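Asker: So the protein sequences, as listed, match chains U, F, A and P. The first sequence runs 1 to 308 under the numbering used here. The second sequence runs 1 to 308 under the numbering used here. The third sequence runs 1 to 270 under the numbering used here. The fourth sequence runs 1 to 270 under the numbering used here.
None of these hints come from the bench; they were simulated from the model. All values derive from a computational prediction rather than experimental measurement. Treat the hints with care, since some could be wrong.
What the hints assert, rightly or not - Label pairs and their calculated CB-CB ranges:
(1) E283(F) x R85(P): 31 to 41 Å
(2) R151(A) x E45(P): 55 to 65 Å
(3) D61(P) x D174(A): 52 to 62 Å
(4) L91(F) x Q3(A): 50 to 60 Å
(5) G90(F) x E14(A): 46 to 56 Å
(6) E251(P) x A174(F): 30 to 40 Å
(7) E283(U) x R151(A): 18 to 28 Å
(8) Q3(A) x R85(P): 24 to 34 Å
(9) R151(P) x E83(F): 57 to 67 Å
Ideal Cβ placement from N, Cα and C applies to all residues, glycine included.
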Amino acid sequence: MNTEVNLGGIVMKNPVTTASGTFGFGLEYQPYVALQRLGAITVKGTTLKPRLGNPPPRIAETPSGMLNAIGLQNPGVERVAEEIMPRLAGLGVPVIINIAGDTVEDYAQVARRLDGVPGVAGLEVNISCPNVKKGGIQFGSDPHTAAEVTRAVKAATGLPVIVKLSPNVTDLVAMAEAVARAGADALSMINTLLGMAIDVDRRRPVLGNITGGLSGPAVRPVAVRAVWQVHRALPFTPILGMGGIMTARDALEFILAGATAVAVGTGNFVNPLATVDVVGGIEQYMSNHGFTNISELVGLAQRYTGDN
Amino acid sequence: MNTEVNLGGIVMKNPVTTASGTFGFGLEYQPYVALQRLGAITVKGTTLKPRLGNPPPRIAETPSGMLNAIGLQNPGVERVAEEIMPRLAGLGVPVIINIAGDTVEDYAQVARRLDGVPGVAGLEVNISCPNVKKGGIQFGSDPHTAAEVTRAVKAATGLPVIVKLSPNVTDLVAMAEAVARAGADALSMINTLLGMAIDVDRRRPVLGNITGGLSGPAVRPVAVRAVWQVHRALPFTPILGMGGIMTARDALEFILAGATAVAVGTGNFVNPLATVDVVGGIEQYMSNHGFTNISELVGLAQRYTGDN
Amino acid sequence: MSQLMQAEITDCRETAPGIWVTEFMAPSLAQGAVPGQFLHIRCGEGSDPLLRRPISIHSVDRQSGRVKIMFQAVGKGTAWLASRRYGFIDIIGPLGRGFTMFTGEQTGLDCYNPRLVVVGGGIGAAPLYFLLQELARMGCVQQVMVLLGARTANQLLILDAARVLGFNVRVATDDGTTGYRGPVTDLLAEELQRKPDFVFACGPSPMLKPLCDMLRDAGVPGEVSVEERMACGVGACLSCVCRVKDTGGIETYRHVCVDGPVFAAGEVVW
Amino acid sequence: MSQLMQAEITDCRETAPGIWVTEFMAPSLAQGAVPGQFLHIRCGEGSDPLLRRPISIHSVDRQSGRVKIMFQAVGKGTAWLASRRYGFIDIIGPLGRGFTMFTGEQTGLDCYNPRLVVVGGGIGAAPLYFLLQELARMGCVQQVMVLLGARTANQLLILDAARVLGFNVRVATDDGTTGYRGPVTDLLAEELQRKPDFVFACGPSPMLKPLCDMLRDAGVPGEVSVEERMACGVGACLSCVCRVKDTGGIETYRHVCVDGPVFAAGEVVW
Ligand SMILES: Cc1cc2nc3c(=O)[nH]c(=O)nc-3n(C[C@H](O)[C@H](O)[C@H](O)COP(=O)(O)OP(=O)(O)OC[C@H]3O[C@@H](n4cnc5c(N)ncnc54)[C@H](O)[C@@H]3O)c2cc1C
Ligand SMILES: Cc1cc2nc3c(=O)[nH]c(=O)nc-3n(C[C@H](O)[C@H](O)[C@H](O)COP(=O)(O)OP(=O)(O)OC[C@H]3O[C@@H](n4cnc5c(N)ncnc54)[C@H](O)[C@@H]3O)c2cc1C
Ligand SMILES: Cc1cc2nc3c(=O)[nH]c(=O)nc-3n(C[C@H](O)[C@H](O)[C@H](O)COP(=O)(O)O)c2cc1C
Ligand SMILES: Cc1cc2nc3c(=O)[nH]c(=O)nc-3n(C[C@H](O)[C@H](O)[C@H](O)COP(=O)(O)O)c2cc1C
Ligand code: FES
Ligand code: FES
């Protein structure tokens, strides 16, 4: 059985990675998870300078989901390159670094700094974080600036570039087309939905940042639809699908809709073994249903055209 | 204690109504619910001609939510006016009729036909149903056409006009401003999020219509955020808030965020008494916390400006 | 008249592998329900699972006011239900149109002393036991042939219970572990040779579809109980549609929760 | 070393109105945990509730390998937990930094035969019992003053248990139903006159904030256990921040799940 996938130049032994920001730098989960079982590890959003992030409370639980407003707390690209990557490089698992910035030049600089750092297999460009006030959300909701960021990052690095899209837009396909044309090697989707919760007893927003990003099983139908629509429009652009994946069946929804690879995010918090359970469950499914190569499954549900 | 609200001209003895499409024409729930306890009844989307709707399966359960692709099945405005309204008019509860169409003229004609029909207290203009291929989605995602529909409906009727917004847009506030400027007496939000589910065993979409609208508790954080943002931008435009309301506490999140009234949708399916439970729970909350007029609560959480 | 109720569970046991029977107190159901009607049951406390699950009435005891449901634990809702051994369950019911013989509505079954066939496949046998109870009460046991099908012997439901009521039963299993080896519709084909007056059936679509064709070809009237995904259960959400041909032959949708779950066999468009 | 485990529940009972104690088998925790550490517990089966709940270790029995948690049923997660009477619970632990006296790290507590004060408010007493167990094991009972506060008498936790261990205990209730009427910090004020060497505290923020001020003013070192909403519990999601002043006086965030839940009293910025 062959579960190897090629995500825009990143070769993964299986289609399962972690969603940025939900798995730290991987090492936090080492006591619980055999990291070598993962197809790749995608780490926390990294910016040029260290960031402290938003005031607490930073999360709130919602029905089958959670809101987060971490605000891109991270140690900055310098420490990631110097201190963290050396510890991750030895794992033998491709590491995808999620990058973010306030300006196009920020993104380019972070990308440039990571070029050639041992162990870094690719970059995931977060143009869609709803929790950073400058930049972030604007890049993710306008096709032109999204394309501009993509071009700048591509010019700054030889690494494969995945652009991560926001679902908070009217026309996701237009966004996808714009960044694909601008040179993105792959697309990842979805980032969180913009949401909020109110503390009814205290009559104020729960989150310190007021609004936050909704993730978890609650958003899965939106995420699967996003993958479906974009794969339909851009069948040759590999997609990293995510949003509410807890089990192999959830992951298979994304793959059947057209995702080449999948990421587990919020699911890690609930079940630290979610990623490896997904890996095992996909293998099980393939053998139960007689598939020998994972590529046979990618987008398979799109072939269905009957009326019932 | 005063729980009466004025939703853009529709006077409701309490702020609770039903979400269109989830409560039929009200009569279906009469064996279970004391309909006179409701502030208003909002009925199923009505079109000029009868519609058969989409092929089954029309719904799928998702984590804390559901997808629906009913496809606006309805008996057409003529039968609603002639056969159904006479039965509802006697209840003594304001009835809000949700209207939809494929063209601007469709909307205007439906509105005109309902003008003066006894018992009809207002119209809710559905410019955002994701399940109808022609029209529907386009009206709901472009401020200009949304404004055009609003103007046409306003011109066709003397009834209060609520325009129902879709969350599937990049800039909800721009949509709200456009329809408010075009004369909407109130706004209702949110309609369903566009989503889909895949049957992993059969490797095809679950819904006959492939995509559907996501509703239920899963979407509540998105809905509360929508109300918050729009109320902040348009503090004098009354909002009918909905999306995942199951309990009074859920409803209070919307009211504290800025909704003048709230609608219970998917919650009715789970608990047919959800609407009246919400009415009772809001009264309880007001008396526990010493509020004598519901208007004191509307948008109260917006006043919070501290950093923690 | 349908009601929303909290019914106290009096028993819950696994009657066959993966098949559960839950009994609860519900005098209004025991008195008012008709075979083929169903209940809409809340299967969880939080919002996952969210929607109620439709489950047919399996049997009623008018005397004690107890009602039973029989269900297969297939997903998270039914798994939750199977885990409830005491306490209350939240029910709406009775819902839907049952077998018309008992509803006082006009039916294809207008002969005197009719010869009936009752066909159940898999968990589809669950509501048929209530039907047999009523037929027995009416003294029809002699004129009824019961055909039960299942994947394998230990999944054959209501067999002993039907025999206890005195019914003639023939069985079929896919793997031949007991009775005829093959689909239960093969047994029906034999019965149809004897031109019964009416056939009642409940089972999975792959059984009901050919069954309806067979009835049409044999010119025998009957009724089938069908399934569709439901949200409200009361006719409000319009989700549970079944394509039917009306008397004029025009295709339209009917709603399983209020127009069904029992439909005339000739009506359903598969 | 922290582990993911399925621990078998051996007991679950309501010990005070709304306060539950659940006991389970977890030898690795009983052996390896330190007072002040917590567990991250899955409180449900579906996806609502979704996240794990952080609950402190209440007591351990190294011999039998049994561990207890004591918790207040405040929302849907803890309500679910309280409803589990047998079976397994899904736990990650031990997590976080406990009271440094037991962690081998450097502490403000570097005197010989130190005089200690342990202050618990409401459910905050839960982890302090484990602390008292360890202090008793070390033979420190005589040098410790335990101060417990609660809303009302029947919400006073670990009182009898602390006395059984031989500790000196003083109590305060908001409504005066037993002990001093008023906040437990009033009792601490008295104790601070006697210049204790170190104070351990756990309770709600409205108690810990003034407590930290009092310690600062009195020049007495101490440690407090704080709470923040957590997703991962292991330092990966960066959600559980607490504002602290580092040794240079510069304010920054630390993570309650890995840098805490126990912090030096002077460190926390309220
Ligand atoms: C009128 C009627 C009567 C029924 N009577 C019985 C009975 O007596 N015994 C029994 O075991 N089963 C019966 N069923 C089927 C039963 O409703 C489903 O098995 C059950 O809903 C599955 O829920 P789940 O959470 O375990 O599965 P999941 O697959 O997790 O359910 C997901 C969603 O799909 C719906 N769904 C899944 N399967 C079905 C189905 N076959 N029919 C309708 N909706 C479905 C569920 O209600 C839920 O909304 C009946 C169905 C209908 C429509
Ligand atoms: C390190 C630590 C140790 C704790 N030890 C104990 C203990 O021993 N006994 C005990 O009764 N409680 C303890 N708590 C508090 C306990 O975690 C909360 O009461 C519990 O999470 C509430 O969950 P719920 O579903 O019942 O409430 P809900 O209000 O429904 O919870 C909603 C969300 O908010 C979070 N949340 C709510 N209250 C708190 C809180 N006070 N702290 C952190 N997150 C919260 C929940 O984890 C959940 O994510 C501790 C908290 C922390 C951080
Ligand atoms: C706590 C948290 C932190 C996150 N941080 C980032 C981030 O730094 N960069 C990013 O692109 N996405 C971030 N995300 C979004 C996730 O990577 C993912 O897109 C989203 O959560 C949906 O997947 P899920 O439902 O599986 O969590 C974060 C999500 C969570 C819950
Ligand atoms: C089964 C179903 C049918 C619906 N039909 C309509 C409709 O006809 N017109 C409309 O404007 N909204 C329709 N909606 C959307 C609801 O009115 C509401 O906006 C949405 O479901 C969010 O609220 P909820 O989460 O409380 O259900 C429908 C929703 C559901 C679930
Ligand atoms: S389930 Fe709602 S109409 Fe049938
Ligand atoms: S809870 Fe995730 S970092 Fe603390």
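Asker: Now tell me, hint by hint, if it's right for this structure.
Answerer: Hint by hint, here is what the structure shows:
The given range of 31 to 41 Å is respected by E283(F) and R85(P), whose C-beta atoms sit roughly 36 Å from each other. A beta carbon spacing of about 28 Å between R151(A) and E45(P) contradicts the range 55 to 65 Å that was offered as a hint. Between D61(P) and D174(A) the beta carbon distance is about 54 Å. The supplied range of 52 to 62 Å therefore holds. Between L91(F) and Q3(A) the Cβ separation comes to about 21 Å, which falls outside the hinted range of 50 to 60 Å.
Distance hint for G90(F) and E14(A): a CB-CB separation of about 50 Å, consistent with the stated range 46 to 56 Å. A C-beta distance of roughly 39 Å is found between E251(P) and A174(F), which places it inside the suggested range of 30 to 40 Å. A hinted range of 18 to 28 Å holds for the C-beta pair E283(U) and R151(A), which are about 27 Å apart. Between Q3(A) and R85(P) the beta carbons are some 32 Å apart, a value that agrees with the proposed interval 24 to 34 Å.
A C-beta distance of roughly 59 Å is found between R151(P) and E83(F), which places it inside the suggested range of 57 to 67 Å.
In terms of the numbered hints stated before, the structure departs from hints 2 and 4, listed from lowest to highest.
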